[in-house]
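Asks: Taken in sequence, the protein lines are chains Z and W. For the first sequence, this note's numbering gives the first residue as 1, with consecutive numbering after it. For the second sequence, this note's numbering gives the first residue as 1001, with consecutive numbering after it.
It should be emphasised that the hints constitute simulated quantities derived from the structure, not laboratory data. Nothing here was measured: the structure is a model prediction, and the numbers come from that model. The beta-carbon is built from N, C-alpha and C at its ideal position, and this holds for glycine as well. Keep in mind that the hints are not guaranteed to be accurate.
Stated by the list, open to error - Listed below are several chain W residues computed to face chain Z (Cβ distance under 7 Å; list not exhaustive): (1) Arg1021; (2) Leu1022; (3) His1038; (4) Ala1041; (5) Glu1128; (6) Phe1131.
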Amino acid sequence: MITTRRLTKRYGAKAAVRELDLEIPRGQFFCFLGPNGAGKTTTIKMLTGLARPTSGTVAIGGHDMAGEPLAAKRLLGFVPDHPFLYDRLTGRELMRFVAGIYRMTEDDLAARCEPLLAAFDVLHAADQLIQDYSHGMRQKLSFASCFLHDPQVVVVDEPWVGLDPKSIHKVKTYLKERTREGLTVFMSTHSLAIAEETADRVGIIHEGRLRHLGTVAEIKALARRPGSLEEVFLELTREAEEALVDA
Amino acid sequence: MPDGELVAVAAVGGRPAPGRRLSPLAAMLWAKGRVARHSLALVRRESRLKVAFVSVSALLLWIGIFVFALLGLRLFETFGAEVLGEGALTVSDLVVARMLSVFALALFVMLVFSNVLVAFATLYRSREVPFLVLAPVTRSSFFLGRFYECVAFSSWASAFLGSPILLAYGLTTQAPLLFYPMLAAFYVPFVVIPAAIGAVVAMALVRYLAGARRGPLVGFGLLALALLFSYFRGKLRSPDLADTATIQAIVDVMGRTQSPYLPSHWLARGVLSAATGEAGDALFYFLLLAANALLLLWLAAQAAEAWFFTGWSALADGGETRRRGRGRGPFGALDVVLRVLPQPTRALMAKDFRLFWRDPAQWAQFVLFFGIMALYVANLGEARSFARHGTWGAWATLLNLAACMLILASLTSRFVYPLVSLEGPRIWMLGLAPVGMRRIVWQKLWLSVGSTSVFTVSLAVLSALRLDLDGTSFGISLVAIVGATVALSGLAVGLGSLYPNFREDNPSRIVSGMGGTLNFILSMVYIVLVTLALAAVLLWNDGLARVLGDRGQAMAAAAAFIVVLTALACWLPMRLGLRNLERVEF
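Please model the entire structure based on the sequences and the hints provided.
Replies: Structural data, given as C-alpha cells:
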C-alpha cells in the first residue's frame, strides 16, 4: 500500500532523507523509529504530500503522490503530533467539514460520525467549540476525523502526546484491530514499548538513511545481546553513529 | 475551475440530499461561515463596555463620514449656482465625476497592494494550509476556498468607509431607488478584481522568489515602489495651485485617472449611470466588471494549479535550510548597539527585532508603510508654496502634524498592539524566567518608543524641510510628534496587555479583534484632541481671541492640556494593562 523508491529530500547541501526504499503491504502495522533529526518527519511529509521529494517517488495504493495526488490522498489519513483543528468549530462541525473536503455523501457522514466520536471518547464534547478542548481531546478528535473517510492507509506521527494511559490503550487497540481488517498503519514514534507491542515490522532511520528493516524479532536479533526493543534500538543507533564518526 | 464546485456553493447553508456527495469548496465555505458565527457569539464573552464603546465609535465614524460627504457634495451642488446664477454649471458638474474616478482608482490601487499581503498570509502562512493540502482537494478548489477569505479580509474596511460617501452621493443627486442595491452589485466584482490580481502576484512572487535572499528582495521591492511612485507622480502631478489655481487645472489632473481600461473607471461610470437612472449604461459597466472579475478569478485559479504547491514547498524548504550567521550582518550590528542595555531587556529587544525581521508578513507590511511615508514626504513639495503664506502656513503645519500622527497611529496599531499577545504561545518560557511581566511590558513600551520614533521624528523633520516651515512651527511639530509617539506607544502596549489574545499567533488577526479596534479608535481620539488644541493656538484669529481671551494664556492652556492628555494616554492603559497581566492565568 505504501511504496517509496529511492526517496530523497535535500535541504540545500544537507540530505534529510537519502534513497529510502520501502514496501509496506496492506494490513501491516509499520513503526518508523529513529533519533531526533533522523528524517522521520521529513519522510512523513513526503508520504503525505506535504513536501515534494528532491528525487524518488512515493506511491499510496499504487497512486503516485506527484502524478496522482488526489487519488493517493483519498486513500490516506494523517494524524500529526500537534494537529491543526479549527478552534472556532465544534467537534461535530469539524467532522462535517472533513466529510466535505473528502467528498463523502451525507449518508456516509451520518453513519460514521457518531460511532467514531464515541470510539475516541469525544462524543460528549461534540457540540463544544474545539478551543475549549484539552490537548488530549484534540488529539482524539483528530483521530476520529482521520478515520471519517475510511482511509486505507493511516500515517501517524508521534500520536501519544497528551493522551492519558486509557486513551493510549484505546487508540492502540483500535489501530491494531483496523490493521486486521486491512488498514495499513505507518507510525513514527519514540515510544519503543508501544512499537514493540504493536508493530508487524519496524524500520530504523538514522542520519536520513534506513539502517535496519524487519520484524521486531528480526531487529532484536541484530543486537549483540538480547534485550528489549529499546535496548536494541539504542545499541543499533549508537553503532550507526560510531560508523559515521569512523567514516 | 473544478467541475461542479461553484454549483455546489449554492448548497451551502442548506443540508444536501442524503445520497449526494459533499463538495470540498462548499465544505470550506460552510466551515468559514460557522467560524464567523461562533466568533460573533464569542463577542458576548468580551467586556460589555468595550463592545459598546467600539460599536458606538464605529457607528459615529460612519455617520461622521456620511455627514461630511453629504455637506461637501451639497456645497459642490450649490457653489456654481451661487456665483454664476441658476442654470449655470456647478462645481459638482465639473469635478464630482472625476472625484469619483480618483476615489475609485485610489481604492483600487490600495486593494491590489493589500491583497498581495493578505493573499500571502491566507494562502501560505495560515495554520490551516497544511491541513487542507493533505486533503484530496484540487489546488484550484483550495485556492477558491481561501480566496473568499482574502476578499472579505481585504475589502470590508473599504466597504465600511466607502458606503457612507456613496450613500451621500445618491442622496445629493436624488438617485432612483435602484441605485442603492446596484452599489452593492458593483462593489462585489470590483473587489474581486484586485483580489485576484493580488493573489496572482503573491503566488508568482512566492513561486519564483521563495528561498531567495531577503536583502536583495527588499531592495527590489523598494525599487519597484519607487518606479511605481515616479510613474504615478508624473501622471498625477498637480499644477502650482498657489499661482495658477483654476478649476480647469484640477479637472485636468483628475481626468487623467479616467482611463477606459481601468476597473476603477468602470465602477465610477457605472455608479454615475445608476445615479442618473441610465439603466442600460449601468448594466453595461456592471457586466464589464463582472466579466473581468470572473476571467481574473479563473486565471488566478489556473495560477494556483500551476504555482501554489511548488511555491508552498519551496517556502517550507527555505525555512529549514537557512543558516543564520552568528554575530554577522545587521543583527550583529544590532547586538553591538543593544549592549548599552542591561539584561534581560537586551535579550528581549534582540529577540523582538529578530522575530519581526524573520516574519515576511510583518516586514512586507512595514515596507508598504515605508512606501506610504516616502510618497507623503515626496508630495509635500507640491504644497510648499501654500506653507509660505501666513494662515496657510499654520494650516500646513497643523495638517502635516496630523498626517504624521496618523501614520504613527497606523504603525502602533498594526505593529505595537500585538506585541504582548504574540508572547502568548511562548509565555511558558518568559513566565518561568525570573523577569516578571512588569519588565516585559515596559520593554515593549521602550521598544515601541525607540523604533517608531526613528520613523516619526524623521518624518516630522523631512516634512518640515519639504514644507519649508519656520523655526517655531518646526519646534511645535517636533515636540508634538515626540509626545504622540510616547502616548500612542503607551496606549498600544497598555491596551495590548489589557486585552491580550494569547491563542492567536497571526498579528493581523490580533489587531482586527475588539481590543485592536478600541486601540485604533482611542488613538484617533488622541490625535483629534491634540490637533484641536494646537489648532486653537496655530490658527489664532479674532474669533478665537473673543472666546479664549489672551493668546499667551491660551497657548499655556493648550500646552498643559496636551501634556496631561499625553501622560494620561500613556500611563492609564499601561497601569491597567500591567494590573491585568499580573492577574491573568496562562
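Asks: Does each hint fit the structure? Answer for all of them.
Replies: We went through each hint and held it up to the structure:
1. Arg1021: With a minimum Cβ separation of about 5 Å from chain Z (threshold 7 Å), the hint on Arg1021(W) holds.
2. Leu1022: 4 Å, holds
3. His1038: 4 Å, holds
4. Ala1041: Cβ of Ala1041(W) sits 9 Å from chain Z, so the hint is violated.
5. Glu1128: Holds, because the Cβ-Cβ distance from Glu1128(W) to chain Z comes to roughly 6 Å (cut-off 7 Å).
6. Phe1131: It holds, given that the least Cβ distance between Phe1131(W) and chain Z is near 5 Å, below 7 Å.
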